[in-house]
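Residue numbers (the numbering used here), protein chains in the order written: chain R, 1 to 151; chain D, 1 to 151; chain V, 1 to 151.
Any given hint could be a false lead.
[Claimed, not checked] Derived contacts from chain D toward chain R, CB cut-off under 10 Å, selection only:
1. Ser12
2. Tyr15
3. Asn19
4. Gly23
5. Leu26
6. Gly29
7. Gly31
8. Val36
9. Lys37
10. Ala58
11. Asn112
12. Ile115
Source of the hints: derived by calculation from the structure; they are not laboratory data.
Glycine included, every Cβ here is placed at the ideal spot set by N, Cα and C.
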Amino acid sequence: MPTRYFLASGASDGYTSLNAFDGALLQAGIGNTNIVKMSSIVPPHCKLVTSIALPPGAIVPAAYAAITSDVPGEIISAGVAIALPEDENQNGLIMEYSAKGERHRIEETVRNMAIEGMQLRGWKIRDLQTVVSEYQVKRIGATLAAVILWG
Amino acid sequence: MPTRYFLASGASDGYTSLNAFDGALLQAGIGNTNIVKMSSIVPPHCKLVTSIALPPGAIVPAAYAAITSDVPGEIISAGVAIALPEDENQNGLIMEYSAKGERHRIEETVRNMAIEGMQLRGWKIRDLQTVVSEYQVKRIGATLAAVILWG
Amino acid sequence: MPTRYFLASGASDGYTSLNAFDGALLQAGIGNTNIVKMSSIVPPHCKLVTSIALPPGAIVPAAYAAITSDVPGEIISAGVAIALPEDENQNGLIMEYSAKGERHRIEETVRNMAIEGMQLRGWKIRDLQTVVSEYQVKRIGATLAAVILWG
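This is chain R alone, in the form it adopts within the complex (with noise of 0.2 Å):
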């Protein structure tokens, strides 16, 4: 059961989508672990920290929005939105969104996904944290923004 999470992003291009892919994960500083794509809760109790120095190759999970594309010049977002519940007994939620277009609207559209998901669940939000990536692609590019769980 993870304890701490941090909010990571970033962006690059690369040789082919999975070499802008490993470094959007670099300069996020998770380059060097094995993320593991789950589906997408921080436990309760869990807590905010700014980053963790994360062991080289440790098996680390995420929930992520990632996106690539060839289009030169074309402008790409990730983002993640992190909705705490009032009653902190009970789990956040975290929404992933990406798609073509800039970080503002990325941004409102991750944002309303987990204020609809803590209404669905019928929960008041105390906070919600948001992280967006925005990237203008040079040849092939990569932009990603990561909720990362430990503990």
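Model the placement of chains D and V on the given structure of chain R, informed by the hints.
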């Protein structure tokens, strides 16, 4: 090594396809956990249970089929089939399938997939379990069927 | 933290693309485990071994490339490359690539991807390991190449 498993299914409309998927997970009783997708084995001696009260935010390995659609009125179905071997020291096999279409069609396909998988192993089938979730989309819908491992 | 890894590959036709993928996993020797996909690091001091007898149903982190096709006669290939650093206290990097086309073309691309990834880190390469699986589809086929971590 997981020791118990259960079947779950759900369906929902939502604000986005990810919200619809979140609603389907909630209806399936696994919406407040961190699902990690895996390929698709029931360990030997792993026991079927009705359901497990998973701690919120727990990291939970699961095999699942899911499908989303933004075509109002469309019928979508997702199913999983578990083939268990006669020799209880061997593992079971999970197959997943989702598509446009009705329950009976998806169930037939996913059952055949599990039967084929056991034939490929040269193992006789002791039991074949399936769960299928059919859903008619209102605006943006998702349906899923899952096998959750725990233990 | 994984301490050992091995390379695996396989290919198969099947009743559906998931059955073909299952057959490829079986041929690779990992068809009776629960593979969890991760991005793509070999931890420092993690040792290459020929193969590991994985317990059936074990949850196994892996980096892999896979491709399926339902075009009879089509040639598909999947490959992984591992670049290991001169400084053994740093981690190795795994890259994955799959596409229509022959082994030599996929191998060249995935090697270059790993070389680029190490250049991005500013790390010199001590060793570069690759495994590529090429397959000509009969009806519905899959091929995969994988790095399996264990520990």
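For each hint, the structure was consulted:
Taking 10 Å as the C-beta cut-off, the interface hint given for Ser12(D) holds, the closest approach to chain R being about 8 Å. About 4 Å separates the beta-carbon of Tyr15(D) from the nearest beta-carbon of chain R, less than 10 Å, and the hint is met. A distance limit of 10 Å between C-beta atoms decides the matter here; for Asn19(D) the minimum to chain R is near 5 Å, and the interface restraint holds. This hint holds: Gly23(D) has a C-beta 6 Å from the nearest C-beta of chain R, less than the 10 Å allowed.
The beta carbon of Leu26(D) comes within 7 Å of a beta carbon in chain R, closer than 10 Å, and the hint placing it at the interface holds. Of the supplied interface hints, the one on Gly29(D) is violated, with its beta-carbon coming no nearer than about 13 Å to a beta-carbon of chain R, more than 10 Å. Look at Gly31(D): its Cβ gets to within about 8 Å of chain R, closer than 10 Å, so that hint holds up. For the restraint placing Val36(D) at the interface with chain R, the shortest Cβ-Cβ distance is roughly 5 Å, inside the 10 Å limit, so the hint holds.
The beta carbon of Lys37(D) comes within 8 Å of a beta carbon in chain R, closer than 10 Å, and the hint placing it at the interface holds. The beta carbon of Ala58(D) is positioned within 10 Å of a beta carbon in chain R (closest approach about 6 Å), and the interface hint is therefore held. Because the smallest distance between the Cβ of Asn112(D) and any Cβ of chain R comes to about 28 Å, over 10 Å, the interface hint for this residue is violated. Using the Cβ-Cβ criterion of 10 Å, the hint placing Ile115(D) at the interface with chain R is not satisfied: the shortest such distance is roughly 30 Å.
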